[in-house]
Amino acid sequence: MDLAIIGVSVLWLFLFGYIIIASIDFGAGFFSAYSEIANTKHVLHHIIQRYLSPVWEVTNVFLVFFFVGMVGFFPSAAFYYGTVLLVPVSISIVLLAIRGSYYAFQTYGAKDSKFYVLLYGVAGLLIPASLSIVLTISEGGFVEMVGENPVLLYKELFFSPLTWSIVILSVVSVLYISATFLTAYADVAEDFKAREILRKYSLAWSGPTILSAGLIIWQLRQHNELHFANIMDIWWVFALSGVFFAITVLFLWRRKYYSLAFWSLIIQFGLAFFGYGVSHYPYLLYPYLTIYDGFTNDAMAQALIIAFIAGFALLVPSILLLARLFLFNRTYVKGEEQRRY
Amino acid sequence: MMEYDPVFFSRTLTGLTLAFHILYATIGVGIPLMIAIAQWIGIKKNDEHYILLARRWTRGFVITVAVGVVTGTAIGLQLSLLWPNFMELAGHVISLPLFLETFAFFFEAIFLGIYLYTWDRFENQKKHMLLLIPVAIGASFSAFFITMVNAFMNTPQGFDLVNGALVNVDPIAAMFNPATPTKVAHVLTTAYMTSAFVLASIAAFHLFKGRDHIYHKKSLYLMMKVGLIFSIATVIVGDFSGKFLAEYQPEKLAAAEWHFETEEGAPLMMFGWLDENGEVQGAIKIPYALSILAHSDPFAEVKGLNEFPEDELPPLIVHYFFDLMVTIGMWLTFISAFYWLAVKRKWKVIKNKLFNFILVLSGPLAFIAIEMGWFYAEFGRQPWILRGFMKTPEGATSAAYVDTMLWLFVGLYIVLGTGSIIVLIRMFKKNPVERELEDHAIERGER
Ligand code: HDD
Ligand code: HEM
Ligand code: HEM
Numbered sequence: 001m002d003l004a005i006i007g008v009s010v011l012w013l014f015l016f017g018y019i020i021i022a023s024i025d026f027g028a029g030f031f032s033a034y035s036e037i038a039n040t041k042h043v044l045h046h047i048i049q050r051y052l053s054p055v056w057e058v059t060n061v062f063l064v065f066f067f068v069g070m071v072g073f074f075p076s077a078a079f080y081y082g083t084v085l086l087v088p089v090s091i092s093i094v095l096l097a098i099r100g101s102y103y104a105f106q107t108y109g110a111k112d113s114k115f116y117v118l119l120y121g122v123a124g125l126l127i128p129a130s131l132s133i134v135l136t137i138s139e140g141g142f143v144e145m146v147g148e149n150p151v152l153l154y155k156e157l158f159f160s161p162l163t164w165s166i167v168i169l170s171v172v173s174v175l176y177i178s179a180t181f182l183t184a185y186a187d188v189a190e191d192f193k194a195r196e197i198l199r200k201y202s203l204a205w206s207g208p209t210i211l212s213a214g215l216i217i218w219q220l221r222q223h224n225e226l227h228f229a230n231i232m233d234i235w236w237v238f239a240l241s242g243v244f245f246a247i248t249v250l251f252l253w254r255r256k257y258y259s260l261a262f263w264s265l266i267i268q269f270g271l272a273f274f275g276y277g278v279s280h281y282p283y284l285l286y287p288y289l290t291i292y293d294g295f296t297n298d299a300m301a302q303a304l305i306i307a308f309i310a311g312f313a314l315l316v317p318s319i320l321l322l323a324r325l326f327l328f329n330r331t332y333v334k335g336e337e338q339r340r341y
Numbered sequence: 001m002m003e004y005d006p007v008f009f010s011r012t013l014t015g016l017t018l019a020f021h022i023l024y025a026t027i028g029v030g031i032p033l034m035i036a037i038a039q040w041i042g043i044k045k046n047d048e049h050y051i052l053l054a055r056r057w058t059r060g061f062v063i064t065v066a067v068g069v070v071t072g073t074a075i076g077l078q079l080s081l082l083w084p085n086f087m088e089l090a091g092h093v094i095s096l097p098l099f100l101e102t103f104a105f106f107f108e109a110i111f112l113g114i115y116l117y118t119w120d121r122f123e124n125q126k127k128h129m130l131l132l133i134p135v136a137i138g139a140s141f142s143a144f145f146i147t148m149v150n151a152f153m154n155t156p157q158g159f160d161l162v163n164g165a166l167v168n169v170d171p172i173a174a175m176f177n178p179a180t181p182t183k184v185a186h187v188l189t190t191a192y193m194t195s196a197f198v199l200a201s202i203a204a205f206h207l208f209k210g211r212d213h214i215y216h217k218k219s220l221y222l223m224m225k226v227g228l229i230f231s232i233a234t235v236i237v238g239d240f241s242g243k244f245l246a247e248y249q250p251e252k253l254a255a256a257e258w259h260f261e262t263e264e265g266a267p268l269m270m271f272g273w274l275d276e277n278g279e280v281q282g283a284i285k286i287p288y289a290l291s292i293l294a295h296s297d298p299f300a301e302v303k304g305l306n307e308f309p310e311d312e313l314p315p316l317i318v319h320y321f322f323d324l325m326v327t328i329g330m331w332l333t334f335i336s337a338f339y340w341l342a343v344k345r346k347w348k349v350i351k352n353k354l355f356n357f358i359l360v361l362s363g364p365l366a367f368i369a370i371e372m373g374w375f376y377a378e379f380g381r382q383p384w385i386l387r388g389f390m391k392t393p394e395g396a397t398s399a400a401y402v403d404t405m406l407w408l409f410v411g412l413y414i415v416l417g418t419g420s421i422i423v424l425i426r427m428f429k430k431n432p433v434e435r436e437l438e439d440h441a442i443e444r445g446e447r
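Chains as they are written, first to last, in full-length UniProt numbering: chain A, 1 to 341; chain B, 1 to 447.
No lab work stands behind these hints, which were simulated from the structure alone. Where is the CB? At the ideal position from N, CA and C, for every residue including glycine. Misleading hints may appear alongside valid ones.
[What the hints assert, rightly or not] Here chain B is said to cover these stretches of chain A; the calculated rule only asks that three of the stretch's residues, wherever they fall, bring their Cβ under 8 Å from a Cβ of chain B:
| # | stretch |
| --- | --- |
| 1 | 59–72 |
| 2 | 78–85 |
| 3 | 91–102 |
| 4 | 298–312 |
[To be verified] Facing chain A, from chain B, some residues (calculated, C-beta under 7 Å):
| # | residue |
| --- | --- |
| 5 | G91 |
| 6 | L100 |
| 7 | T102 |
| 8 | A109 |
| 9 | A136 |
| 10 | I137 |
| 11 | S398 |
| 12 | M405 |
| 13 | L412 |
| 14 | I414 |
| 15 | G419 |
| 16 | I421 |
Given only the sequences and the hints, what does the whole structure look like? Please build it.
Right under this line is the structure:
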């Protein structure tokens, strides 16, 4: 396999990791805020806080890892995307900053304020919406070259139905992923009241998720024929993804195997995500930049891959430790242990 | 109306974000070490005051880390957003340390999460303290790697530029460029020094307010001692940095000293101003000192600004940045040494209110020195973004709306800055030391 493919696969894997962990985080923030309004705070708040507190900073590092890796493996992507994304990504940064810091401020310091909780919840939905613009732009048609420099066509972007379908998918899948995870988490914690509410959310958002995903494929047919044709070539990946979607919903519906339901959801999204990535190949930014003309030199690529393997060997045991202490530790999850820090 | 100039706004926004990030990042590098020291002493002496110090610092630290993380994410993205041309070039050569930095963060973030939530999970306090080691290592390594990137901008190497194409790239040579040793060492020692003085300031503030608890005295004494050690280290490494500059970036040193003519036995100029003829007026002149700083030899020759092309000279304002940094460095070394002596000799002055107020100023002064040091290093590199290869305007973005983004981020930093301060104050006011000590005592009584 060539180095460019290894590089892009590593990055795609981390982006997938970020999407899953961040979705859980963003959605949890939203449900927590919603529970303030819906008067279910006493049921949901506790379970959500238990999960969120120890892991929020780790979530952010996944994102940092992705964009730093992008600059490393594909310096030209830094040039193209850096130039065109100034406004959308700046907005995402501000939202991320508000959300991240106020989470810490509120949890560790200040008094409970309804306003912050709402801000926090809403920001959690706006961030995926604004970040997903990057995927839309990568489909081509929204960037024009003026001389040497790429320029973003704001108006085309804003009025494109593709933009809005991707935004909708990002928001609803955040809610779906998060609700499914929290259902399983509440089940482990034996907090059945919370589990019932979360299970309802999860089922409610499952339909919109699959519908909006279909909508995007349909939109792509008009927008980027090549990509659409590539998707059709590997239609079976997306079909399989649909099967796992059905399994998740079935388990949830039957109130069975909640953890398995979540794993099946991961497989569903994983298949769709990697299917999407593969069908996007070889373009990073259609039609200007492929992974081959954007790739770094071999010396750097090898150094990065070695660094990646070494770093990974260090990280995996640490992440497992974190997970063992907080995610799979029944005393912690149930909240029986005293918590002071 | 001023014409829209993306270069100007990119520079301003980069400078603003970094100047803001560095305050939180410096603490982020240094505080884990201070927490570890306090907890270690607490365990060794079996003194709950030190353990409580570690706990309370950790709680505050969580808030500053949060701001450090979000502003760091901002600068990380802004490097590509504002300097796409520079990052395309630099990405080929220096992205390895940037990439390694994310692993350092990862490591730090994971163990900080564990450390925070496991205060009472371990029977043995020592085990809990062990968790701090990866936190401190991760934080210091992130500074180590990012400073390498900055060092590379000053003394780029590890590649050849042939007809505009990069060849023979050697990522390791790029990382370990000539600026790396002094820069990394100086950044680390100043981070530890600043963190110690910031914590000392807090203790001094309580004593100044008349809260005479032994807890605050222990804290002040410990942090002043640590601050003294690291400020001596800082001055020594700062001296090496001067020698590095004399050899590799003589124009930066000359600009800092307003040293126009190459000469032997050059004097050091402190402060002062330039008159119409470009002569230095009102400066404190220390004979031979510049030659000593540059070459450890009072009669050595020091290159002056007249040897460099006019369009490659850094702005002369860096003189003040440099002088302020050095003055503060000397002052903090002196005051912490004086305090240490005063405690040893039991001089009465340590009870004096005014003296305590002077100690309160140490933390803010250290912060100012950090800012001045970076302003010196960064303005002093101008007009280059990659010294000798790319000038700053060539690296900048061509995108529209950089000015609007500047205002957006000004707003963000105001919110984050005031938010973090308010939260910190509220957190500690709500839960004063005396009360917490009492709570712990009651708890132990019940067990
Ligand atoms: C608490 C902060 C602090 C203090 C007290 C000092 N410095 Fe410093 N200095 C820094 C904080 C700093 C810094 C923020 O860490 C810088 C900015 C960039 C860098 O590499 O370190 C720096 C840069 C810097 C440079 C430029 C290096 C370069 O551009 O490569 C020199 C020559 C010195 N320092 C020298 C000194 C001397 C002789 C000091 C004597 C007291 C001193 N510094 C005190
Ligand atoms: C953290 C402390 C730092 C501070 C306070 C700081 C401050 C500044 C300031 C004030 C400028 C504007 C200079 C001018 O326009 O004349 C600047 C420019 C810049 N700095 Fe730094 N800097 C820091 C560290 C770094 C590091 C670690 C890097 C790289 C990894 C870096 C990269 C840049 C770049 C790319 C620019 C823009 C180009 C230029 O003006 O040279 N800086 N910084
Ligand atoms: C161009 C310059 C810089 C870039 C691109 C940068 C990037 C970042 C990023 C992306 C983060 C957040 C990581 C996370 O999500 O956990 C961060 C945090 C941090 N940065 Fe920076 N940084 C820069 C300058 C510096 C400098 C000069 C230092 C140290 C001297 C520093 C020390 C830290 C530390 C210690 C943290 C962790 C947060 C904390 O513990 O407070 N950074 N930085």
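Going down the list of hints, with the structure as the test:
1. 59–72: holds (count 10)
2. 78–85: holds (count 8)
3. 91–102: Answer holds; 9 residues pass the 8 Å Cβ test.
4. 298–312: It holds: at least three residues are needed, and the stretch 298–312 of chain A offers 7 whose Cβ sits within less than 8 Å of chain B.
5. G91: Since the shortest Cβ distance to chain A is 3 Å, the answer is holds.
6. L100: Constraint on L100(B) satisfied, holds at 6 Å.
7. T102: holds (5 Å)
8. A109: Given a least distance of 4 Å, the restraint on A109(B) holds.
9. A136: A136(B) check fails; min Cβ-Cβ to chain A is 15 Å, beyond 7 Å.
10. I137: Violated, about 11 Å.
11. S398: holds (4 Å)
12. M405: holds (5 Å)
13. L412: holds (5 Å)
14. I414: Where the cut-off is 7 Å and the nearest Cβ of chain A is about 12 Å from I414(B), the hint is violated.
15. G419: Status holds, d = 6 Å.
16. I421: Violated: closest Cβ of chain A sits about 11 Å from I421(B), beyond 7 Å.
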